[in-house]
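Student: Read off the chains here:
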Amino acid sequence: MEKRNSRIGLVLFGIYLVLYGGFVLLNAFSPETMEKTPMAGVNLAILYGFGLIIAALVLALLYGWLCKSDDSEVTERGVDE
Amino acid sequence: MIYEATFEATAVFAVFVAITLALSFYLGSRAKSSKGYFTAHGEIPWFVNGIAFAGDYLSAASFLGICGMIAFYGYDGFLYSIGYLAGWVVALFVIAEPLKRLGKFTFADALDAKFNSRGIKLAAGISTLAVSIFYLIPQMVGAGVLIQPLLGLEHWHGVVIVGTVVIIIVVSAGMVSTTWVQFLKGSLLVIFSAVLTLMILARGFETSPGGGDRHVFASVGPVGGRLIPTENVKQYENSGDWPEMPVVRLEDPATNSKSVWHVELADIQQLPAFYESTVLPLEGNWRNKPFVRIQNNATGAITVWSIAGRQGDALMIHEAQYRTITSEGKELVNGVLKGDEKGEPELYPVGTVTRLPDGKDKTGPLGPLEFFRTLQNSEVMLWGSTTISDSAGESTVYFQKPTPGSHVLRPGEHPRFAGIRKKEPVEKLNFLSLMLALFCGTASLPHILIRYYTVKDAQSARKSTIVGIGSIGFFYILTLYLGLGAMTSGSMDVTNSNMAAPLLAKSMNEWLFAIISAIAFTTVLGTVSGLILASAGAVTHDLIQSVLKIELNDQQQVRVAKIASVVVGAVAILLGILFQDLNVSYLVGWAFSVAASANLPALVTILFWKGVTRQGVVAGITVGMTSSLAWILLSADTFTKVYGLSADSAIVPFSQPGIVTIPLGFVTLIVVSLLTRKP
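Here the protein sequences come in this chain order: E and X. Taking my numbering, I'd label the letters of the first sequence as residues 20 to 100. Taking my numbering, I'd label the letters of the second sequence as residues 488 to 1166.
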């Protein structure tokens, strides 16, 4: 079960790495794109930045939720203490 | 600027700090009497633990440094917020769970369990010491920043006070910054930042020709410029023999072409505003600059003005400010001796909106997205600075830079990040390097992951991390509002970006200012004492007992730890004073680089690679740590801000080491491991 958790962790990490990497590379190699205002008159730099912060929270929630079904580990830890 | 203490600020501050300290001592002594540090924390509810994550992580440096950088340069400071939060994702998904599976709490524990070698203990002990000290620098600089406007003291006084108080606390009692105190600080910091943000939105924007002290910065003109032909520019550049008049470089944004102009002194003298004054010829290092020096005939005081404009338009002369440290060590502001009390000569506060959309002069309350939309279509007055030395001493000129809101909200306005707007890929490395270090740094900081283990089971640990990420993320979103609010608050000190958040609060309300400063200050105290204890522990356990094999009884151990605390504290005070001119967030970026270069390779390979050897770990830590430290000490930023040398004499090509030294650490570790692998 712990294997499964760490696999979930690595998959979610991969997703975030792509999002973060995209942000950094876009900033570095195409800063003009970041100046565009695609939504509500707010530029992409701010939207993407806020998006990354929200994505971190969503992925963390997802991680907590996916690992939650994992009862065996909880009882195992419970016995320890 | 001149800072004066007010009674209410001092009172609120004193009460707040006293309560936190008392609470820390009380809870700290209770934690000691129970079964031990970690079991005591086993009873902490996950939600409290999650907010305590925020209390631990949101050091004064994040708060002060990020807000300051946003207030002075716009969006670029927010890149730090994004990077710091991203680091959490790495820590949670990649490092925390596997490390827990090893049954170990920290990096040093994990290393120890696997190898139990003196060499590794030495390397890990030194790297803990190096990272802690580097992390201490921004905290100390931040402490000085908080004390200055609050109690009206000099920056170095603040650093010395904090250092001394913490050393006394650590030596006499040993303060364990408990979960409950961190919970309290974390929630107060987030709540009051949210209050401040709501006040910023309620205030909206208002155009103003000057800062909060009602000083109106004059603009005079227009004045005609004369184009200097390209061959003459080349000639001047080669000989260094520029004419004794202002030289302005203009850019045509449409064609991206640049041209160099000069302005005749006689043309400036003819302007009605300067009838009573004399326009001085520019000598020495003042040549080849867009400045003009004007002497008041009555008082003899010299003011500095900057000349700016757009290609094709007439040039305008804007009032600048300057501060001179004379060769005798006196401080002059705008050509006169700086005063000691309010009302006497000082630099004027700055930070205004100069134009709002649709020609309005006031917006009224704004929504959270409307705030950005309005700023996007406005113009704000930022301030640039240049240092010029002449026979009178060294002067720093602060000049107005009218900047479109759309530029403030885009990346790449900060001089250190301006490289991303250049074509050469090499210019972008500083930015990439920083973002990599922030991403990898959190998981490598020795004191951050510990809290993951302080709740009763794995599920609570995950839940509290989620609460932590939520509250830290929420706070980081607020930093953008706080920074931009500070930028337009009319209360910024041109000489110091770290001061932005406290001064913003002060422009709103004296009480709020006192409360926010007190929260930030207690955070500094907690972080500093924690770091000093960690370093003292590294010295006593890792270096003296394990490496030198000196047996110490309990009493001797305590004595050695106390001596180590005093030494580390003294070093931190000294470095805090030396590095005071650097933005604290920038300094934290360096601490992250050192942590990531030294510790991440060892941490990741121990968790995920069976082939790792003892020699490999020692080599990886040593090379990662020394290379990143050396890189920082040889960088342009340290050269200019600490040694006082010119940026051109710096040895490394860019200031942030991460992109070179993190891979270097990994490569060293892997190569040495492969070479020393047993068949």
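Wrong hints could be hidden among the right ones.
Unchecked claim - Straight-line Cα separation of at most 27 Å, DSSO-like style, residue types lysine-lysine; simulated pairs:
| no. | chain 1 | residue 1 | chain 2 | residue 2 |
| --- | --- | --- | --- | --- |
| 1 | X | Lys847 | X | Lys776 |
| 2 | X | Lys888 | E | Lys55 |
| 3 | X | Lys1128 | X | Lys776 |
| 4 | E | Lys55 | X | Lys1165 |
| 5 | E | Lys55 | X | Lys1128 |
| 6 | X | Lys910 | X | Lys776 |
| 7 | X | Lys888 | X | Lys909 |
| 8 | X | Lys1165 | X | Lys1097 |
| 9 | X | Lys1128 | X | Lys817 |
| 10 | X | Lys776 | X | Lys721 |
| 11 | E | Lys55 | X | Lys745 |
| 12 | X | Lys776 | X | Lys888 |
| 13 | X | Lys847 | X | Lys909 |
| 14 | X | Lys909 | X | Lys601 |
| 15 | X | Lys721 | X | Lys847 |
| 16 | X | Lys601 | E | Lys22 |
| 17 | X | Lys745 | X | Lys910 |
| 18 | X | Lys1049 | X | Lys1036 |
| 19 | X | Lys849 | E | Lys55 |
| 20 | E | Lys55 | X | Lys909 |
| 21 | X | Lys888 | X | Lys825 |
| 22 | E | Lys22 | X | Lys817 |
| 23 | X | Lys849 | X | Lys909 |
| 24 | X | Lys1128 | X | Lys601 |
Don't read these hints as lab results, they were simulated from the structure. Quick caveat: nothing in here was measured; it's all calculated off a predicted structure.
Student: State for each hint whether it applies.
Tutor: Cross-check of the supplied hints:
1. Lys847(X) x Lys776(X): violated, 35 Å
2. Lys888(X) x Lys55(E): Distance of about 23 Å is within 27 Å: holds.
3. Lys1128(X) x Lys776(X): holds, 21 Å
4. Lys55(E) x Lys1165(X): Violated. Lys55(E) to Lys1165(X) sits at ~57 Å, over the 27 Å cutoff.
5. Lys55(E) x Lys1128(X): Violated, at roughly 35 Å.
6. Lys910(X) x Lys776(X): Holds, at roughly 26 Å.
7. Lys888(X) x Lys909(X): holds, 20 Å
8. Lys1165(X) x Lys1097(X): The hint holds at about 12 Å.
9. Lys1128(X) x Lys817(X): holds, 20 Å
10. Lys776(X) x Lys721(X): holds, 16 Å
11. Lys55(E) x Lys745(X): At roughly 25 Å apart (the allowed maximum being 27 Å), Lys745(X) and Lys55(E) satisfy the hint.
12. Lys776(X) x Lys888(X): Answer holds: Lys776(X) to Lys888(X) is near 15 Å, not above 27 Å.
13. Lys847(X) x Lys909(X): Not OK: Lys847(X) and Lys909(X) at ~35 Å, beyond 27 Å, violated.
14. Lys909(X) x Lys601(X): violated, 47 Å
15. Lys721(X) x Lys847(X): Between Lys721(X) and Lys847(X) the Cα gap is close to 45 Å, so the pair fails against 27 Å, i.e. violated.
16. Lys601(X) x Lys22(E): With a Cα-Cα distance of about 20 Å, the restraint between Lys601(X) and Lys22(E) holds, given a limit of 27 Å.
17. Lys745(X) x Lys910(X): It holds: about 16 Å lies between the C-alpha atoms, which stays within 27 Å.
18. Lys1049(X) x Lys1036(X): holds, 19 Å
19. Lys849(X) x Lys55(E): holds, 26 Å
20. Lys55(E) x Lys909(X): Distance ~19 Å between Lys55(E) and Lys909(X) Cα, so the pair holds.
21. Lys888(X) x Lys825(X): holds, 24 Å
22. Lys22(E) x Lys817(X): Violated, at roughly 66 Å.
23. Lys849(X) x Lys909(X): violated, 36 Å
24. Lys1128(X) x Lys601(X): Roughly 42 Å separates the two Cα atoms, so the pair is violated.
Taken one by one, the earlier hints fail for this structure at numbers 1, 4, 5, 13, 14, 15, 22, 23 and 24, listed in ascending order.
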